[in-house]
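Those protein sequences? They're chains R and S, same order as listed.
Under my numbering, read the first sequence as residues 1 to 253, first letter to last.
Under my numbering, read the second sequence as residues 1 to 272, first letter to last.
These are computed hints drawn from the structure, not numbers from a lab.
Since the model is a prediction, treat every value here as computed from it, not as a measurement.
Among these hints, one or two may not hold up.
[Said to hold, decoys possible] Capping the alpha-carbon separation at 16 Å, the derived lysine to aspartate or glutamate pairs in EDC-like fashion look like this:
hint, chain 1, residue 1, chain 2, residue 2
1, S, Lys252, S, Glu265
2, S, Lys271, S, Asp249
3, S, Lys77, S, Glu200
4, S, Lys77, R, Glu157
5, R, Lys102, R, Glu149
6, S, Lys77, R, Glu160
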Amino acid sequence: MKARLNVPLAVTLVLGAFLLVALNDVGLLDGARIQRGLDNAGIFFADMVPPDTSVLPEVSRALIETIQIAFAGTMVGFVVALPLALLASASLVPYWVTLPVKLLLAFVRTVPAILWAIVFVVMVGLGPAAGTLGVALYSVGYLGKIFYELFEGTDPEVMEAVRGVGCGRLQLARHAVLPEASNGIVSQLLFMFEYNVRASSIMGFVGAGGIGYYLLGYVQTLEYQSLLMAVLVTLAAVLVIDRASSFVRAALR
Amino acid sequence: MAVTEAAEGRALAVSSDPASPFAGGAVGEVLAVELKDLVFSFRGSPRVLDSFSMTVPAGRLVMVLGASGSGKTTLLKLIKGLLLPRSGEVRLFGSPVRRRGTRGRLSPDIAYIPQQLGLVRSRTTLENALMGALGRVPSWRGLLGLFPAATVRDARQALDTLGIGHKSAERVRSLSGGERQRVAIARALVQRPRILLADEFISQLDPATTMEIMQLVRGVANSGVTVVMTTHELDVVERFAEWVVVLRDGTKLLDCPASEVRTSELAAMMKP
Chain R
1 MKARLNVPLA VTLVLGAFLL VALNDVGLLD GARIQRGLDN AGIFFADMVP
51 PDTSVLPEVS RALIETIQIA FAGTMVGFVV ALPLALLASA SLVPYWVTLP
101 VKLLLAFVRT VPAILWAIVF VVMVGLGPAA GTLGVALYSV GYLGKIFYEL
151 FEGTDPEVME AVRGVGCGRL QLARHAVLPE ASNGIVSQLL FMFEYNVRAS
201 SIMGFVGAGG IGYYLLGYVQ TLEYQSLLMA VLVTLAAVLV IDRASSFVRA
251 ALR
Chain S
1 MAVTEAAEGR ALAVSSDPAS PFAGGAVGEV LAVELKDLVF SFRGSPRVLD
51 SFSMTVPAGR LVMVLGASGS GKTTLLKLIK GLLLPRSGEV RLFGSPVRRR
101 GTRGRLSPDI AYIPQQLGLV RSRTTLENAL MGALGRVPSW RGLLGLFPAA
151 TVRDARQALD TLGIGHKSAE RVRSLSGGER QRVAIARALV QRPRILLADE
201 FISQLDPATT MEIMQLVRGV ANSGVTVVMT THELDVVERF AEWVVVLRDG
251 TKLLDCPASE VRTSELAAMM KP
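With the sequences and hints as input, model every part of the structure.
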């Protein structure tokens, strides 16, 4: 009788072996190192408490700047992404238009916001302008893709019925595609803003403004109590924004 | 009950009076639809329609029957221009339908109501009805949603006539099936079509609502608009059809006045 290969078992064994090699190569199978890390973590967390409230004013100002970077970046990204997504939608325009636009969006999306911020720091100098442009460009790539997928998912019968009245592509987009996708657009825009608040909180690591500048500074000068204050303020803001956004998105469903 | 438009030199009315001056027989033998040797298949698939020919005189109410997959929807889409035949010719009121890309602008003279109606659910009843006018208002007005007052009046009047005017500000997603059907007909009327194509659009309605909607469709046909609709409902065919076409596997089995065929014969022909 011919022996049959147990495919799930073989896949599990291969993945398991690959995981062990990877964990070993990155040093996480080194017991002494893990023990040293746990000891350091205890010291680190002990040094963090209590949080230093004296830095609250400067941290709050930086947090507001972070939210401004996220908001402005998201909105600029949205304004650019929307027309690009229409041009990338196969249900509205021919292949020879959608292909280059989709490739452009894929390229923009591949580079993380913080790397775009480094590019913009070089171009426009240190500060929140670079961070905003970095966030905006990443948002163009992300929202552009999500939006064109939403547009291409418009019910074909709605497209046929509205086309059938004799309207052109712009009117079709205005009266069928955008209204059908409107809930998805708002929902994704809110999600992008949530994501960008988190992304903007580390823009300061590369000199692109926001609370990241203080987070990095407190780590480098070993001011862990100030660091905890900055982390708590950031966490509170992110949680509030996430809850508000989730509430609005649930209401849209 | 009557809505009459005289704009663009063309009358559009909804009339429940079979003796209307616009009634089918009074329009004469102008051919609204001529299909000649149509062949259609989707890429890499067997033929959906094979050497299909048919003529529809203006003002007639024609019902196309057939089992699922017999080619009824494809037939309507070919007439509308949403699909292009592999070979053969589609003529509407004597003029060949120009070949154009499947994304090109379509003629507003032919209204098309798909099976699921194709309404924009997040928009109101009135906004959906107004979409019927997009093909004849200037593009900038359509884009800004600034429809001429007369067009808005027409749309409201069509909704009133179809008994849905009191819900003109409601979003379509909140309407019942029968109400949505009325909105789809209103959109078609605002389009001022010469031909109305309706694809099994009554298939999900209860019998009473089906009869109400069919009375309205007959009113449209009585106003001079040529109606070609597909259906499975034999009781609807028996009561409302002037002419019957039966399709099986993309070929025509029957093409005759409804009075010349019994319901039992139609039922037998529709079996897959």
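Hints, verified against the model:
no. : hint                : verdict
1   : S/Lys252 - S/Glu265 : holds, 15 Å
2   : S/Lys271 - S/Asp249 : holds, 11 Å
3   : S/Lys77 - S/Glu200  : holds, 13 Å
4   : S/Lys77 - R/Glu157  : holds, 11 Å
5   : R/Lys102 - R/Glu149 : holds, 11 Å
6   : S/Lys77 - R/Glu160  : holds, 9 Å
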